[in-house]
Structure formats: C-alpha cells, structure tokens
Amino acid sequence: MEEWIGNRWHKFITRRADRGFPAAAVELEAEKKTIGVLFRALGGAPGVRIEAASAQEVFVRRSWLQRLAGSAQSAVIAWQDGDALRLPPLLQVFPQQSLNRDLYLWLAILAARSPQQYRNWALDNQRLVTEALTQFPALRPRYRRLVEALLPLRPAPESLPDDEAELERAIRRALLDPQTATDLPRANRAPQPVPLWLYPQAALDDPLAVAADIPEEGDCTAGSTQSLSERKRGERAEERERRDGLMLFRLENLFSWSEYVNLERSEDDTEDEDAAAAAEDMEKIVLSRQRNQRSSSIRLSLDLPSEAYDDLPLGDGIRLPEWDWHRRRLLEDHVCLQAYYPRNGDPAPLPQHLRRDAALLRSQFEQLRTQRCWLRSQLQGEEIDLKAWADFCASRLAGHAPEPGVYQSFRATHRDMATLLLADLSMSTDAALDEDNRVVDVVRDGLLLCAEALASVGDRFAIYGFSSVRRQQVRFTLFKNFAEPHGDPVRGRLLAMRPGFYTRMGAAIRQATLILRDQPQQKKLLLILSDGKPNDIDRYEGRYGIEDTREALSEARRAGLHPFCITIDRSAEEYLPYLFGQNGFTVLNHPAHLPLRLPELYHQLTH
Amino acid sequence: MSELYYQPQADEIELFQSAHLQQLPILIKGPTGCGKTRFVEYMARKLERPLYTVACHDDLTAADLVGRHLIGSTGTYWQDGPLTRAVREGAICYLDEVVEARKDTTVILHPLADDRRTLPLERTGEELQAAPGFTLVVSYNPGYQNLLKGLKPSTRQRFVCLNFGYPHREHEIDIVCREADVAPAVAARLVELGHALRRLEQHDLEEVASTRLLIHAGRMINSGVSPVRACGSCIVEPLSDDADVLQALMALVDLHFGET
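One line per chain: the protein sequences are A and B, in this order. Just so we're aligned, residue 1 is where the first sequence starts under full-length UniProt numbering, counting upward by one. Just so we're aligned, residue 1 is where the second sequence starts under full-length UniProt numbering, counting upward by one.
Each hint should be verified, as a subset may be incorrect.
Stated by the list, open to error - Per the computed footprint, the stretches of chain B lying under chain A, defined by three or more beta-carbons under 8 angstroms from a beta-carbon of chain A, are:
1) 69–77
2) 193–199
3) 248–258
Stated by the list, open to error - In silico DMTMM-like pairs for lysine to aspartate or glutamate, Cα to Cα no more than 20 angstroms straight-line:
4) Lys33(A) x Asp59(B)
5) Lys29(B) x Glu100(B)
6) Lys523(A) x Glu201(B)
7) Lys33(A) x Asp434(A)
8) Lys32(A) x Asp59(B)
9) Lys32(A) x Asp241(B)
10) Lys33(A) x Glu435(A)
By construction, these hints were calculated from the structure, which means they are not laboratory data. As the structure is a prediction and not an experimental result, all values here were calculated from the model. Cβ atoms here follow ideal geometry from the backbone N, Cα and C, with glycine treated the same way.
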C-alpha cells in the first residue's frame, strides 16, 4: 500500500513538474532512419551510430515542484563522440509533434558538421547554426519556428537571480540571432538545457566549462555490448589492486594475455537482469578496465565439449595441407579436419518469423527459374529459325553444308551452377547484436532464407559451417550436402547451429574446394559468410592466417571456383581485398540485414 | 555538324585523341550516368568519324555485331553488322556495357584489339582489315558486382583505359546548368543534393545519384514542376524502393529545396 501511494505520488508529481508535452512526444526509434540518412548525407561519418542518450545530470535551477518531484535535475541532451551520435530517446520539448520531429532533424544536421571537440560551447554552436542556415535557406523558417516555440518554455530572466538572468538573456540572444556570436557569461549554475544545441562530450554536465579541461576520450566503452537501449556514460577508473589480477594467470588453460584480448570475449558476458535494471537507473557506469577483462577471461573455456554433448563426428579426420608463409611452402597433412553432423538437429519446419520473407523470396526466385528464352539453331524445335535457315541456304550455295540446325525452341534455360555456402561459426558469432539476436542467429536466418531461395530456383547447393581448435581439429559441420534435397531435415540441422571455437579459414576453404570441385556443374560459387579475420589459438593468427587463407583461395580459383565473401566485420576493408580481390567481397554495415541481403546478393552475383 | 556539349573532367580528350592516332582500342570505366556515352559521341564529332553505338545485353550474339545473312526477294544476301560497318568505314564502334554481352562475343574483338586489327567473317569467309580511322571503344561499370560477368584479363589488357567518375562540383554545376537550362543557383543546389546523396553510397544506397539524374530533375524544374516534386520523382524514387529510405531522402530534398 505504501508503495502504491508512493508510486501514485511519484507519477502525479512528476507529471505536474515535467515541462515536456508527452502527448506530442516523438520517439527516436521512429525517426532513426531519417536522422541517419540526413546525418550521413550532409557529411557525417558513415561509421557513426545513432543511439539513444541517457539522461544527464545538469546543475540547473529547478522550480519548487520539480525539486519536490526529484525530476529535471537530469535532462536528456544531444551529444556526439567518435562512435555515435547520441540523441534523446524521446523528444517532447514542444507541444506540437511536428516541432519535436523537426528538432530531431535539426540536431542531425548540426551533428553532421559538428567538430569532435568544442572550444567554446556557445560560440561553436552558434557558428554551426549560422553555417547550416546559410547553406540551406530552406532551414531558416524551420529554425525560426523552433526558436519561437522554445523561448516561452524557458524560464523568464526576470524570475532568476542576477547572474543567471544575465546568462539566460545571453542564451536567448544567441538563439534568436546566432550571427552575432554571443558569448555566455558564467553563472553559478549551468544554463537550462538548450535542446537546439549539441553538447560537448567532454563536459556534458557543465558545457560552459568546456574550454578549461578536455579529458582524454574514455575508451572503456569501446567494444562492450550492453543490452541497455540507452547509452551510459562510461568513465574509466584506475584499478588499484593489480595483484588480484595475477592469480588468474596461474590458470593453466589461459594461454596468454594477448590471445584473449584479441577474441573480444567481453561480448559473451551474460547480463544479469538485476544489474541491467540497476544500470537503467544509473547515470554513470563506472567500469574498471582490468576488472572488465578479468571477468571475460574467466569465461574462456577452451575445452572441447564432452562426447555425449558434442556434435556427431563423421568418419575419421581428413588430413589437409597448410601454407607456411615464413618458409613459403605447403605443409602437407598439417591440419586434421573433422566432419561433424549437428546433434539435436531433428527435422523442423521454417521458424514462424521467417515465413513471410521466405514466401516472398520463393516467389521472386521462382521467376528466375521460369525465365525462358528462344534457343536458336536447334535440330528440333517449335518454330523455324529463319536466321539459321538463311545461313544454311547461304552456306549450301557457297558449297559447304553444315549440319542444318534450323529450328528454334522455347525452353527454360538451365542454370548450370553449384553453390557451397560456408559459414564461419567461430565463438565470436556468439556475440550479441541487439536485444534478441546474436550474430549466429542472423547467420542462421540468412542461411535458412538463402536455402529457401536456392531450392526454389532449382540451383544445386550445399551448406557447411566451420570452426577450429588448433590444427588438430578443424570442425567442419555438415548442414546440407549437394546430394540431399532441401527439406525439414536440413532446416532442423540449421536450427541446431551453435557457435564453436576459432576461425582456421584456410583448411575449411580447402575442404569446400574439394567438395565443390567434384560437382559436375560448370559454374561453381563458394560463398563464405564471415565475421572476422582468420585466427586460431596457435600461430594461426595475423599474417600467418591471412596468408594461408589467401593460398587456399587461390587454390580454389585454380580449381575453377568463384569464391566470394560476405562479412559483417567493419574492419574487413583492411584485409579482404587482399584475400578476395576488390570485387570479391561485400561488407554488410547492418548485420541484422543479413537474412534478406544474402539471397539478394546471391541473385546479384549469379544472374 | 553542330558542336556537342562536353565538359572534360581531366585530360581524357587528349588521351582519346592519342589512342585514336596510335590505333589503340579504348576502355572506359565509370559509374552509370557519368557521361561515358556523351564523351564518345563528342569525340566522334571532334575526330569527324561516324559512330556506331551498340548497347550490349545478355542475348547479344556475335552475329548481331558482325552481321548475318538475310532473305531478300532474290535470295539471301549478307548484311553487315555495326562492327563490320565500322571496320570497313574506319568509324568509331562503341560497345556500351560490354560485360553484359556474352563471353563468346568479346572473343571476336580480340584480333581487332591488337596490332592485327582484323575482323574475320566466318560466314562469308572474308577477313577484313580495319580502315585507318577505325577505333574500338568499350565501356563498363565496375561498381556492379557479378562473379560470372566481368572482362577477362586477356580482353582488358588490350585496351587503353580511361577511368571516369562523376565530375567535380564546379564542372557538374556547369553541366546541369547547360543541359537542363536552369539558373546557376538551381543547378548548384541540385549538385549539392547530388553530392549529399553520393555520401550515402554503400551505406544507405546501392546506387547513387548520377549526373544524368540531376539533369533530368533540372529539366523538370525548368518546365515548371516544383523543385521538391521534381527531385522526388527524378532523383529520390529511382534510387530506392524502401519506404523508410524514401522518407529520409525526401527530408534531404526538403532541406535543399524546401520553401523558404
């Protein structure tokens, strides 16, 4: 009961106190696409994500009601760093929805041209505004509308103490007339948030202090995935008791520091629900770098699963060579590849959430199958091929009479091609993409949809996955071979897909080449789905892995295959051109789009 | 012959002239709508050579290029194809999007594209020696990824390559201004929009706004269509079918051409 009353009171009092207009709220999620396109089109870096910012504590003056309610000491403001543009998850500044939407777009336009670091928050923002208004005259009336709507919502200068009133007047001047470049006087408190301006990353709580001290960019947030939808401000704390960490290095199954740093295991931490809820309410999450890594190192379990739990091995291992670039020669029988058959892969239908897309794809790809055309110069056919007839008559007159293929036939052309889809199932695919999906889920959905598409067009295809634990065990999982028709058993096996270990890509490509080489089709496509560089826990790392993969790929090309790589690794531009050639790969910027892009790419590549 | 408008991007005119003089074949690479075809037309007029243009496609056979026998009232007779005509007359033969053509058709180009400069006509048993002014020009769009299509290295290595991109800002403004007959301010705005759209390549859009699209929009504006509407139908709609992307691109158009 007490709690109930407390809640009602909280709701009542915050509703009264919040200056926003919830009825006119616009959500970031709904506008994200437009904001992103606008941001990038106007020169924002393509790698920068658009994210929801968390509420930020600002030392502003509050009305007594707000003080009572405990709200509005934190305000959601927009800011940007090298990784992301962080916008309020919800805008309800203005009473009209259109104005709130305009405000989002306005912030995106400002952000596209904003500097990484601010020298003077107010002056820099005014300069940005002036530049934007000069470049796009169409923005002027919109900006005017925003300012005119904003001013009545700000505290009246008369109601404030002298120094704050001065500050407020200066802000009003700066908003109304950005060309004059008004500098802001200092006051005891930070100014009321200015939703039309971007805030400097270095001093979100007190933007006026920005010039004084610019701390180095906190990098503790890089690479960590949080299931929270709002971005927290990361703050790095020094690890004091370094001795604690040493204990961990005594564990025998840890290999070395550098090896597990490379793997980015930090991503497979399971988030504790309570911790997530607690983090939701916090404004800053203080993480120590070392602690973060320690917890991830404990999660490294490199032991192979027990036999009863593991996938089913098929036959003895296959010996494959590996390229040693130091010695520039092929090490014969260096790698042992073991084929596996997924355990628990009972026949299953296509999952519900893919059915709509699958139906669409099937109808699209069936069109390809029924693409028919006239085959000329046939020995028999429905109609006379006049051109062939004329040629025949002419050559007979000239003295030589070749075989008279003078008919034409309307037939479906045979797509003479075999495709092997090879998915990287290393541990890194276990990383979370968003709330519901891991990378491996997206890969699985992509393969499921692609299989539907390929089956409906009638192309022959096989699906394999691979991962590795050193050269003694490259695990090559069979989902579908060329001989098996597509159906529920295949779908079931794909659904039982699990992420494995490391990425010894060269051996997997060699095995795929052997399989594909024996197919009778004329065109052979080797499609590799990857999420990172080749690597394993022995020396198969860095240059060694790259060189071996490159060698395996050139063997594949010599065998008449067309290798092509689809990756979600954004740094892939650094090494993939070397492996696959400039036109031999595609980087997907949005991994979540993989399921639909994969069949599309297949069509594009083979049509 | 009236002068055709062409705004050079760099030294491509000189390169083309030298290649023509040296009787070397030319390969033009570049994205769609950047002015490849216009350039070849311009050069043909400048060099005072007839031009035979063939748009290549999947079903283009060697006979479509070389020629075929036709049936007439008096029997069959041989009809030269565009390539054969160009070889006989010493004209420029331009094969647009040559990668679209079937592999076997590109092979007949081989003897024409090296120092032999001959075209064997299997059907009539002739072997034609190319007339002095004959120049073979082929073009393709390298941005289009397709494993099964693409020029073989043995074909590529016979050509002098010219790489085209979209023109520089000032040049492009001139071009739009002139081709669409719009005020320089409008042209500048269109080009600005084009550049904004080109930044979205690979990330949000597969293909970007070509100079040709900008000119089309300019022409529509010139004929009285409102700029926002013209950009919507000429630039935005052709680039995407995705409703979200369309909405976002329209916001961008609005930014450039909205009511002030």
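Against the structure, the hints:
1. 69–77: holds (count 5)
2. 193–199: The restraint on the region 193–199 of chain B holds, since 3 of its residues have a Cβ under 8 angstroms from chain A and three suffice.
3. 248–258: holds (count 9)
4. Lys33(A) x Asp59(B): Since the Cα atoms of Lys33(A) and Asp59(B) sit roughly 40 angstroms apart, the hinted pair is violated (cutoff 20 angstroms).
5. Lys29(B) x Glu100(B): With Cα atoms ~14 angstroms apart, Lys29(B) and Glu100(B) stay inside 20 angstroms; holds.
6. Lys523(A) x Glu201(B): Not satisfied, since the Cα-Cα distance of roughly 30 angstroms exceeds 20 angstroms.
7. Lys33(A) x Asp434(A): Answer holds: Lys33(A) to Asp434(A) is near 17 angstroms, not above 20 angstroms.
8. Lys32(A) x Asp59(B): Given pair Lys32(A), Asp59(B) is violated - Cα atoms ~44 angstroms apart, limit 20 angstroms.
9. Lys32(A) x Asp241(B): 18 angstroms, holds
10. Lys33(A) x Glu435(A): 19 angstroms, holds
Checked against the numbered hints above, the structure violates hints 4, 6, 8; every other hint is satisfied.
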